[in-house]
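Trainee: Residue strings, one per chain:
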Amino acid sequence: MSTKDSPVNRFADRLGLNADDAWPSVVRERLVAYGLLLLYVIVIWFPIYYIFITSLKTQGEVLSLPITFVPHDPTVQNYVDIFRNRPFEAYTINSLIVASTTTLICVTLGTMTGYTFSRYNFLGNKALLLSIVAARMIPPIALIVPFFQIMSSPPLIGGLTGNLTDTRVALILTYTFFNLPFAVWIMKNYFDGVPESLDEQAQVDGCSTWEAFVKVVLPVAKPGIAATAILAFIFSWNEFIFALVLTRSEASQTLPIAVSLFVADDFIDWSHLAAGGMIAALPGILFGLFFQRYIVSGLTQGAVKE
Amino acid sequence: METSEKSLRRALDRLFVPLTVGPTLIWIAAIIVYPTARLLWSSLFWENPLTRETEFVGLRNFKRILLDPGGTLEVFNASFIAFTKNTLIYVGCSVTLSFLLGLGIAILLNKDLKGRGWFRTAVIVPWILPYVMSGLMWRWMFEAKNGAINGLLTQTGLLSEKIAFLSDGTLAMMALIIADIWVFTPFIVIILLAGLQNVPEQLYDAAEVDGASRWSRFWNVTYPFLKPSILVALTIRIIFDIRALDLVWVMTQGGPGKSTEVWASWLYRTSMEFQRTGEGAALGVIMLAVTFAIVAILYTIFGGTPYDS
Amino acid sequence: TGNSDGGNGSGNGNGDGEMADEITFYNAGSLEFDQGTEANIERFEEETGITVNVNEVPWANLKTSLTTIFNSQEPKVDAFNGPTWWLADFVNAGWLEPLELSDDHMSKFPDSLVDLVSFDGDPYMAPEFGKWGTYLYDTEVVETPPDTWDEVLEMGPELSDGSRSGFGLTWADKSVFTFKQLLYQAGGSLFNENNEPVFAGDEGQQVMEFVTQLRDEEIIPDGISSMGEGAVGDAFIAGEFATVESWTPLGSRAIDEWGEERVGSARPPAGPSGRATFQDTNGISISAFSEKKAAAQRFAEFMTTRESCKNNMLVEGNPCVVPDVYEDDEIQEEYPSWLLEDMKYNLEHAMSETYIQQPQVDDYIDEQITPALLGEKDPQTALEDAQENVTRLYQDIGLL
Amino acid sequence: MAKVRLDDLVKRFDDIVAVDGVSLEIPDESFTVLVGPSGCGKTTTLRLIAGLERASDGTIKIGDEVVNDQRAYERDIAMVFQNYALYPHKTVRGNMRFGLEQQGADEETIQERVEDAANLLQIDELLDRKPAELSGGQQQRVALGRAIVRNPDVFLMDEPLSNLDAKLRVQMRAELNKLHDKLSTTTVYVTHDQVEAMTLGDQIAVMNDGKVQQVGPPTFVYSNPRNMFVADFLGSPSMNFLEGTVHRTDDGYAIDLGAFEHEVPDEFEWALEGAVGDDVVLGVRPEDVTLRPDGLPATVNVVEPQGEKTVLELGLGNETTMKASVEPGGPIQVDDRVSVEFDRRSLHYFDAASGESLTFERAENEATAESAEEEQVA
Amino acid sequence: MAKVRLDDLVKRFDDIVAVDGVSLEIPDESFTVLVGPSGCGKTTTLRLIAGLERASDGTIKIGDEVVNDQRAYERDIAMVFQNYALYPHKTVRGNMRFGLEQQGADEETIQERVEDAANLLQIDELLDRKPAELSGGQQQRVALGRAIVRNPDVFLMDEPLSNLDAKLRVQMRAELNKLHDKLSTTTVYVTHDQVEAMTLGDQIAVMNDGKVQQVGPPTFVYSNPRNMFVADFLGSPSMNFLEGTVHRTDDGYAIDLGAFEHEVPDEFEWALEGAVGDDVVLGVRPEDVTLRPDGLPATVNVVEPQGEKTVLELGLGNETTMKASVEPGGPIQVDDRVSVEFDRRSLHYFDAASGESLTFERAENEATAESAEEEQVA
Ligand SMILES: Nc1ncnc2c1ncn2[C@@H]1O[C@H](COP(=O)(O)OP(=O)(O)OP(=O)(O)O)[C@@H](O)[C@H]1O
Ligand SMILES: Nc1ncnc2c1ncn2[C@@H]1O[C@H](COP(=O)(O)OP(=O)(O)OP(=O)(O)O)[C@@H](O)[C@H]1O
Ligand SMILES: [Mg+2]
Ligand SMILES: [Mg+2]
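Protein chains in written order, with my numbering: chain A, 9 to 314; chain B, 1173 to 1481; chain C, -8 to 391; chain D, 593 to 970; chain E, 593 to 970.
Certain hints may be false.
[Said to hold, decoys possible] Label pairs and their calculated CB-CB ranges:
no.: 1; chain 1: A; residue 1: V222; chain 2: B; residue 2: S1388; range: 48 to 56 angstroms
no.: 2; chain 1: E; residue 1: E953; chain 2: D; residue 2: E962; range: 52 to 60 angstroms
no.: 3; chain 1: B; residue 1: A1201; chain 2: C; residue 2: E375; range: 46 to 54 angstroms
no.: 4; chain 1: A; residue 1: L290; chain 2: B; residue 2: T1477; range: 34 to 42 angstroms
no.: 5; chain 1: A; residue 1: K230; chain 2: B; residue 2: N1220; range: 53 to 61 angstroms
no.: 6; chain 1: A; residue 1: L44; chain 2: B; residue 2: A1465; range: 30 to 38 angstroms
no.: 7; chain 1: B; residue 1: I1253; chain 2: C; residue 2: L391; range: 21 to 29 angstroms
no.: 8; chain 1: B; residue 1: I1335; chain 2: A; residue 2: L44; range: 24 to 32 angstroms
no.: 9; chain 1: E; residue 1: S776; chain 2: D; residue 2: E859; range: 43 to 51 angstroms
no.: 10; chain 1: D; residue 1: E855; chain 2: E; residue 2: E953; range: 49 to 57 angstroms
no.: 11; chain 1: A; residue 1: L290; chain 2: B; residue 2: A1465; range: 37 to 45 angstroms
no.: 12; chain 1: B; residue 1: T1477; chain 2: D; residue 2: P680; range: 25 to 33 angstroms
[Stated by the list, open to error] With a cut-off of at most 30 angstroms between alpha-carbon atoms, the simulated DSSO-like pairs for lysine-lysine come out as follows:
no.: 13; chain 1: B; residue 1: K1283; chain 2: B; residue 2: K1399
no.: 14; chain 1: D; residue 1: K759; chain 2: E; residue 2: K803
no.: 15; chain 1: B; residue 1: K1178; chain 2: D; residue 2: K595
no.: 16; chain 1: A; residue 1: K223; chain 2: B; residue 2: K1178
no.: 17; chain 1: D; residue 1: K595; chain 2: D; residue 2: K774
no.: 18; chain 1: E; residue 1: K722; chain 2: A; residue 2: K134
Note that these hints are calculated values from the structure, not bench results.
Ideal Cβ positions, reconstructed from N, Cα and C, are used throughout, including at glycine.
Same shape as in the complex, but just chain A (with noise of 0.2 angstroms):
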């Protein structure tokens, strides 16, 4: 081995590519592998790195022939520009307030549903839970009249003035009604992965069951409910229709409503419209790259489990 102890054996090395310690036919499956998957991750980013550059290029730039896949003159003034000339700072404050908020009330119900419905064999609760999986299928989209009738009439309850259109309120509801049924299997099947032995020795210990909820539980489940919250921001963060049906003014439009603004009858303005996509698709990159873990075991403890 030592004999051959240069850089690029080294590196093969580090691959799994050394044909010492493997079959030369996965050696052979390895190299094709990653051959495969580089041109697959290659191929996909290229749209983003296409996007992401035009991002920083002049109107100019982006309207001239021959298309150039280096930016000349690399800017940020359309980044500048969308925040200055066009309130983008509301609809990132829309798209954080309506997103957070969601969250939050997707993961305080579905953590505490979650968990009775993994640890309790009440009346009915297979029953509930099988509810709450098939209110997972009903297609959105055709519950669109029905949210909108909701949202635009007066409200029932409360001496709010006005209907919920146009307001991050009514967006904060619609999106619990994605985002809860899934939060609430997340966790069930999260806790399920938790032993029961921790919340009984937390009795054991003096706790109520509240406190050893509280006290035990929870901080266990942390990995579950990160999982379970990012999944919620992400859809939340991302969702269009709803948004495009309920909302109106930049009181409550958020960044991908923002983002389609850039559509005008008949011309799009690419490189803003690429500044304020690349906005609205940051927390999606920078979840993806940090949070992989979370995002993926989120969908596979939601999708996956039974």
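Starting from the known structure of chain A, fit chains B, C, D and E with the ligands onto it as the hints suggest.
Mentor: Frame of chain A; chains B, C, D and E with the ligands shown alone:
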């Protein structure tokens, strides 16, 4: 004093289940059950767009959506047929292709490779970007003059003339399908990867010792364990695509003409643009039914785990 | 149609007397792409001291937004910019305030346009800028443009070769607009005075026949794109059409891309009944539920003066709906006079109709004629089916 | 510390009767082991005592108080779970403190007790680690420590050693023994491992099918099983059972075991008096089967050398086989013909129909008399 | 059937050397057991023989063929996995057929072989069930059956019994023994349980740290461990180790063990000749520690009755403790003072520094001589 504290603690303890489940159930009732009930209800009514008066019309809305209004020449409404066809093509192609692609990527990612985590991160990202941004991004990619695809193809000489992808019905559908595959393949990858990781490693060893070839190992070991994941991947993917409007809406708005009009955009247009809420609701109910039917069918094909007896 | 909004707010509304110092204006899409409007708003704010809060709503969503707001009678919106297609519905529902525009103000617009925006004699929309028919050709291919439908059919085959079609028809994304323009050229209309659809009559058939012939002779390209897509403009500029019957903005765009020499303009080929074009105007209306009607009235008026109209055309190239402006020196300087002359002619000959449930009606027509024009459905049946659908709709509503 | 008393305890889960009328006295300061095969209701019994399940019937007393209606957090017990159930997010110290914190103990007491327990268990140096950083044996110690600091009335332990490897298990067993000697806290210990039960308990309760089969000091139970279940369950290899019919002979009783005839030694005759003509089962433990000349002829089927002993499987006649535990290193090989004898003192007779021991009653009386004597002496 | 030969076998995983130069001869038709603590490389060695891992170095021969470059499916082996690795979606029959199908055997052969194996293992009636419907022991049999039908050169088994409960494990052990007697297929068996290793193997190879420590017949290895590791690993409770320095005395050698002075019996004097002044370790198995008057004085610290025997922990002096295995039922109690002696024939001496046995060499020579003699006789 102390006893009252004790009994309060005990009382709260007794109420644990109702207090933890109750709010969610109420919430779900308000946010899911009530709207769904309203959907069913309003599918039976007609609202006059002029006077805003509503009128009970029974199943007329369903008839209008499904059947030929004249009822003379054809049984089905031409729009229904056309948009159903579009939906089938859109859902069928993108689900099939993204499934195959996702399966391939999942199998590659399941290999014992260094840096797997990075690949997985890189693969996931498209799925967690806002659909609007993805849709517009692809619209930009396919743009006739300055789009990257035309740019790549012409500037490398592969193509002499630029193609107005989104101006041609077939090409626009293809563009939509590509965008859809781009967005949703990561989802398939994650779900199938979870399934692949459920296969007990030792079964592969056992099969290898048994002399099984690679293909035989896939069918005899991998596939049975992958089935539950396939079920989930296909179910969620299909019901998601049937309902998904975002990409269609920002990329083509159903155009050119009505060549990319699918059920979701049709529903949106009917109820929001034309204010035919009753018919929109009827279409919603139909989608609901079809969704449940598809789930049921998929369950009969892929249901069950390898451990079932 | 009953117009009962008189008592709704305007009479006793506090808005009439004192002038509010700000109004809310709903604009379709971002102002960034409406630089003409933006410039005029700035001028308005400067001159009157009234602040205009512009609310940008995606174009596809504007009608829904307004409908919700009006439905709940909220004073959220004072004025908005919209097309003429909704006007009938909105007026009918009592959601719009009649505009207090002097005859003087209105008389500068072509009569047909004034008709279009008036109900029971009151204007409900101040026309801001328009899009109407235009006919362009590529001088490198065409020496003398065809003057009538027949000539189109005659010359077409010569002008078409492998990569080029002789004739392009387009109204961005709306094949029904194309149909309407041809229908007017044939002397027909969608509705008669009694709100009965009549487009399946002889004139409609002539249109379908004409287009079918165009297709049979391969003068127009195969496929959906030929029937209604902004990209026909792109194709024209890419040299794929010898002539194109399109809308006004394409003129300035072609000049930008080709230079003045290559672009040819003419009056549209005359149909059996003449050279009518189709008018699609955007204008400003005022909500009946506004609490700042006086300021809104002022705004509507200001935005549609001759001056504003001209300014809008200068800044953004939005075709002005005041024929007089085409004589203006500044405009003459900006655009070639032969183009302006045709634009003015077409403006004055533009036709349109307003009718209840226009988007729905248009969709019914569209959904039938598209397959017919593609050769997938018998044109006669298609028109009749469409007419039947519209009739049924109007019966449902109670108009018929 | 307190005694625990179960009276006719029953626990039903839907259709399953997990605990079926258990009555058991667990004396103060005793170390009582519940032992039995999987699913026999040991864990359920323990959880009933802990208050983690609610009894369907019967009463549970801790000290003199009936605690049926108290939840786990209201009873003064500490429990060690099979998988240790350490709080993964807390350090060892945090784990050990938690119970005391919940009781509202003051900081000083907490620190003192934690230090003491950590000292006792030699885990002082691990106090700031998280459970995931500990080996199995260390986790086990922490779980014990967490119970000890509480200084509860009763320790409950559910198979606390079963996740450890063999060597460590033996070691921890000895430590548990010493710990109990030191603290003398009343302990109820659940295991399905009979060696563990025998080694640890002052008193063992053998359970089967939700019922207690026999209670008593381990060696007593081992040598005087009340029925065939207990006889079979304790001991490895298990007791040999040979079935046959009792008949009178000239000088007493004999049992016809098919392969041979067994003469009942004089000291057991009283037990078989009433059983003439009945089917009975003779039980002989493998270690009581000795190779000696002039005994019964047998063939060696299997030789299992186990180091300190060698286990033989012997064939007597055509059908009957039995195991014998012999000194290792002998020259015995498969197919050798040998001759065996049973240790006369350690024979067991059971009624074949009921499985009850025929010899048990007297043994128990003797034991009671003995202990009564002892008490008198003391 | 074939012999297997490993020469200087090495397997590295990144930085870990899992198998570190193993040389081992596995004779044709033998039953060889690899035994050792967790992580010592047993499984890896087995997987190398199977062809599931590729050797980093060294050679593997099956029969006379070097198979290093053959993958598992090219070698003629069958393997039984710890958790059985049955295909859960196939019936028992399907599981057993699969290997033969893959080899392309014809239907008739397949059916015949499956029937035969099922008969042999008494699982005929289970053939149409799925694994999930079987008990652990039945699954174990199916896993065996799957291997048997293949009729391979070599059986490889990785802890096949470790998932069974104690009683069943003992039973299956005996069956494995009989099966090997019947089929005589060369078998390599991995376990970490020393009792299992002793009971099953013709030959056991004790491994530690990726290296083979000692190979030989089980009883020989038990009584003649080559080093302290082997001595400690085999036997439960483990051998007692007492460390001290060797010095000459008038009539031989003695070792100062702190608590007492140990006189080296004459028969071991040759081994300690060269060790005067060195630190050595005296090893005594618990069963060789006997309570006898006039021995060394000791105190009883712990009494662990285990039924067939009782294990005592004895304190000799202040620091030294040792275990003794005595007959059960004696009157011994904690804190009793007793007197002990060691069985002189079974003493072991190790070099304290290297852990190597000082007495091993001669024992091996004797054994070799003996077996040579036997062969001559045969
Ligand atoms: N929560 C429960 N619901 C239903 N049945 C249960 C429950 N807990 C235990 N049982 C059943 O009660 C019986 C006794 O179970 P228990 O856990 O007490 O046995 P165990 O003696 O501890 O066995 P093991 O040695 O396997 O732990 C079993 O048949 C079991 O299936
Ligand atoms: N695929 C692998 N990658 C990295 N290290 C490995 C791998 N397989 C085994 N090892 C390491 O090699 C060493 C030997 O492992 P092996 O599984 O052979 O031990 P073992 O003797 O079978 O132990 P056990 O009794 O626990 O099964 C261990 O340190 C283990 O962590
Ligand atoms: Mg248990
Ligand atoms: Mg192993």
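Trainee: Hint by hint, say whether it matches the structure.
Mentor: Taking the hints in turn, this is what the structure says about them:
no.	hint	verdict
1	A/V222 x B/S1388: 48 to 56 angstroms	holds (52 angstroms)
2	E/E953 x D/E962: 52 to 60 angstroms	holds (54 angstroms)
3	B/A1201 x C/E375: 46 to 54 angstroms	holds (48 angstroms)
4	A/L290 x B/T1477: 34 to 42 angstroms	holds (39 angstroms)
5	A/K230 x B/N1220: 53 to 61 angstroms	holds (55 angstroms)
6	A/L44 x B/A1465: 30 to 38 angstroms	holds (37 angstroms)
7	B/I1253 x C/L391: 21 to 29 angstroms	holds (28 angstroms)
8	B/I1335 x A/L44: 24 to 32 angstroms	holds (28 angstroms)
9	E/S776 x D/E859: 43 to 51 angstroms	holds (48 angstroms)
10	D/E855 x E/E953: 49 to 57 angstroms	holds (53 angstroms)
11	A/L290 x B/A1465: 37 to 45 angstroms	holds (39 angstroms)
12	B/T1477 x D/P680: 25 to 33 angstroms	holds (29 angstroms)
13	B/K1283 x B/K1399	holds (19 angstroms)
14	D/K759 x E/K803	holds (21 angstroms)
15	B/K1178 x D/K595	holds (25 angstroms)
16	A/K223 x B/K1178	holds (19 angstroms)
17	D/K595 x D/K774	holds (18 angstroms)
18	E/K722 x A/K134	holds (28 angstroms)
Violated hints are absent here; each numbered hint is respected by the structure.
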